[in-house]
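Please work from the sequences and hints to get the whole structure.
Listed below are the residues making up each chain.
Protein chains: 2
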Amino acid sequence: MNYSTPTFVADELKARNNIRRMAEKAKANGLLFRPHFKTHQSVEAGEWFRSEGVTAITVSSAEMAQRFAGAGWNDITIAFPHNLHESEAVAALAEKITINLLFDNPEQAAAVAAALRSKAGFFIKADTGYHRAGILPGDDASINAILGAAKGSRLRFKGFLTHAGHTYRAGDPEQVLAIHRKSTQALALMKAGCLDAFPEIIASAGDTPSCSIASEFQGVDEIRPGNFVYYDLMQWMLGSCTFHQIAAAVICPVISVYPDRNEALILGGAVHLSKESLQIHGGETVYGLAVPFANGKWEDVQGDDYLTALSQEHGILQTNSPWAKNLKPGDHLALIPVHSCLAADLLVAKNKFAVVR
Amino acid sequence: MNYSTPTFVADELKARNNIRRMAEKAKANGLLFRPHFKTHQSVEAGEWFRSEGVTAITVSSAEMAQRFAGAGWNDITIAFPHNLHESEAVAALAEKITINLLFDNPEQAAAVAAALRSKAGFFIKADTGYHRAGILPGDDASINAILGAAKGSRLRFKGFLTHAGHTYRAGDPEQVLAIHRKSTQALALMKAGCLDAFPEIIASAGDTPSCSIASEFQGVDEIRPGNFVYYDLMQWMLGSCTFHQIAAAVICPVISVYPDRNEALILGGAVHLSKESLQIHGGETVYGLAVPFANGKWEDVQGDDYLTALSQEHGILQTNSPWAKNLKPGDHLALIPVHSCLAADLLVAKNKFAVVR
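Taken in sequence, the protein lines are chains A and B.
In this text, residue positions in the first sequence follow our numbering: the first is 715, and each later residue adds one.
In this text, residue positions in the second sequence follow our numbering: the first is 715, and each later residue adds one.
Hints were generated in silico from the structure; no laboratory data involved.
Nothing here was measured: the structure is a model prediction, and the numbers come from that model.
Errors might be hidden in some of the hints.
For identical chains, the list gives no copy identity; a pair is met inside one copy or between any two copies.
No more than 35 Å apart at the CA atoms, straight line, and that leaves these computed lysine-lysine pairs for DSBU-like [stated by the list, open to error]:
(1) K741 x K810
(2) K1039 x K896
(3) K1011 x K1064
(4) K865 x K728
(5) K728 x K896
(6) K1064 x K810
(7) K896 x K810
(8) K1064 x K728
(9) K865 x K1011
(10) K810 x K1066
(11) K739 x K1042
(12) K1011 x K810
(13) K1066 x K833
This is how it looks when you write it as structure tokens:
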């Protein structure tokens, strides 16, 4: 690997440790563990999960389900509210493997019911505070409309599913835990309301901040975190992981240096990292953190060496540490991405992906 | 085309009109026209340029140069400062077609000089105010260092090249013009300083806002705009185009509607649109503008129907107009992207691309 252009690099040992830690936490808490594969989108990384005993996974599209079904995964939840234009695609998948879908309106249930030729499971998407998608607690009319549309079909009600994505906006681990408690309580209540009629349903939760920080999962039966396999700058700053647990970086070449303005130009832009940003020091917008990359490994943080501007292929690095100030054209650096899922999406499918051990 | 998942759609007639208008403006001003193909990244869209007489193009990477060379383009400028790790790649290209490179440090010139087996052109990247990359006006030492490193090699000095990308931060067309005048004056002075020794060099400029809004290009010999083929929300708001000149949209299915909060969920997230955003009404961050899509065409703006939140696959639409409030699961809408270049990069390579006529 010569890293001539930006390359998403996964540290296999760190990633396997992240998987093992989460699998053990799930086991210790009696939880089903159905990790989300949208983060890594890699068949190779998927095998690291298999060797930790994972047999059931989560994805975010029918296309991703097809891809991982092709790689031998036969129990997949598509945790994106069903797209009416993919009913036939999911019906075809359901003939081959165990598929669970996600509904938050009765049209979805009716469309899938009409398309299915074999059985499929479904979850009702619960909106436990994120307000992105889902049915609000207490909205029994909507729940009953979905159950009614599924009734008598090949669809089997599996339970309620939430994603408490508002933990990503938390300021510290205490706030993450407060959101986690409130969200899982709401989810458990929604499940309780249907237990008489459907005694086998489960409650499925699992954003990475909650799953990483919480030690208590009362009322939850299954967790589906995804980002934790790699973590990233956002998760580190949120307190979900240590710096040394971050298992992915984007290796980029330095193109030019501008000592007068304490900046360097790297080949590494929005098409490699995405324009996901976060605010540091209470205001400055950054797109990644640069650290040294040597002998196939990235090293410790040297200083405030942040990417402060991104265009299509250009990244502007603020050179703060002595290491960064000494960078020369042609050097490589490792960028800890703000959001590893989006960087992986941009690079893994283009085979700009490498595993270091 | 059933638009089951987000699809980048180009309106061929509008795009051809945009190309023709820019080609005519270049001709009327005696300018070489070397459009940037990083915006569309499509061999098919490239042919629309060819039928307007375009024979020379700009790209932003060696890989993109290889792709368009394969599609019959034989005069290509790679307008990204040379990456030392791609010297062999550009040397191989230079054996087949006319290639111009971009340097802003002598290491680049030395590396290419050592790799070349046939001649290649180079421009010196001028920093005329954007402060992203390039040599500042008056920095004769850096200019001479690059010229010195190229001397005696197969490299031929072609002139100075700038990208006044700071026009994208302008508040109105008057500010764009002020930046354009200042930038092109600086560029022309840099060229003038080398004319005695290199009488055939040119001055190459050409961001889309300047090329769209300006009618006067004194001191400029070549323009290289790219975005203008499609334009987008950002360019419209900047005054570079009218709404009806926007020639690209991303067609997305509606997944669910939430009338209580005047929002809808669409399948259309960061992996389809990028997280490029802009501020409207003096503060609100938006990721795209939704308009109706019917009979293979998108229609006029109905109201403030903006995408206000994006995650990996989810887009949250604020439903403001009566049309948006009436959307139903399964409907399609057209999203005018904030930045068409980034949306095209995400979708065109995945064949999620369609042309409407």
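How do K739 and K1042 come out at 35 Å by Cα distance, when the copy is not named: within, between, both, or neither?
-> The answer is neither: 44 Å in one copy and 41 Å across copies each exceed 35 Å.
Is it within, between, both or neither when you check K865 against K1011 at 35 Å Cα-Cα?
-> Neither. Shortest intra-copy (54 Å) and inter-copy (38 Å) distances fail the 35 Å Cα cut-off.
Alpha-carbon proximity between K865 and K728, which holds within one copy, between copies, both or neither at 35 Å | Neither way: K865 and K728 sit 45 Å apart in one copy and 49 Å across, limit 35 Å.
Check K1064 against K810 for me: Cα-Cα at most 35 Å, and say if that holds within a copy, between copies, both or neither.
-> Both, since 28 Å and 25 Å are each at most 35 Å.
How would you label the pair K1011, K810 (within, between, both, or neither) given a Cα cut-off of 35 Å?
-> Answer is neither; intra-copy 40 Å and inter-copy 37 Å both fail.
Homomeric proximity label, K896 with K810: Cα distance no greater than 35 Å | neither (37 Å within a copy, 64 Å between copies)
When no copy is named, should K1064 and K728 be tagged within, between, both, or neither for a Cα gap of at most 35 Å?
-> both (23 Å within a copy, 31 Å between copies)
Could you place K728 and K896 in one of the four classes (within, between, both, neither) given a Cα distance threshold of 35 Å?
-> within (31 Å within a copy, 51 Å between copies)
Check K810 against K1066 for me: Cα-Cα at most 35 Å, and say if that holds within a copy, between copies, both or neither.
-> The answer is both: 31 Å in one copy and 26 Å across copies each meet 35 Å.
Homomeric proximity label, K1039 with K896: Cα distance no greater than 35 Å | So K1039 and K896 pass the 35 Å test across copies only (31 Å; inside, 46 Å).
Between the shortest in-copy and the shortest cross-copy C-alpha distance, which are at most 35 Å for K1066 and K833: within, between, both, or neither?
-> between (38 Å within a copy, 30 Å between copies)
Can you tell me if K741 and K810 fall within 35 Å by alpha carbon in one copy, between copies, both or neither?
-> within (28 Å within a copy, 60 Å between copies)
The structure fails to meet hints 4, 7, 9, 11 and 12 from the earlier list, while all remaining hints are met.
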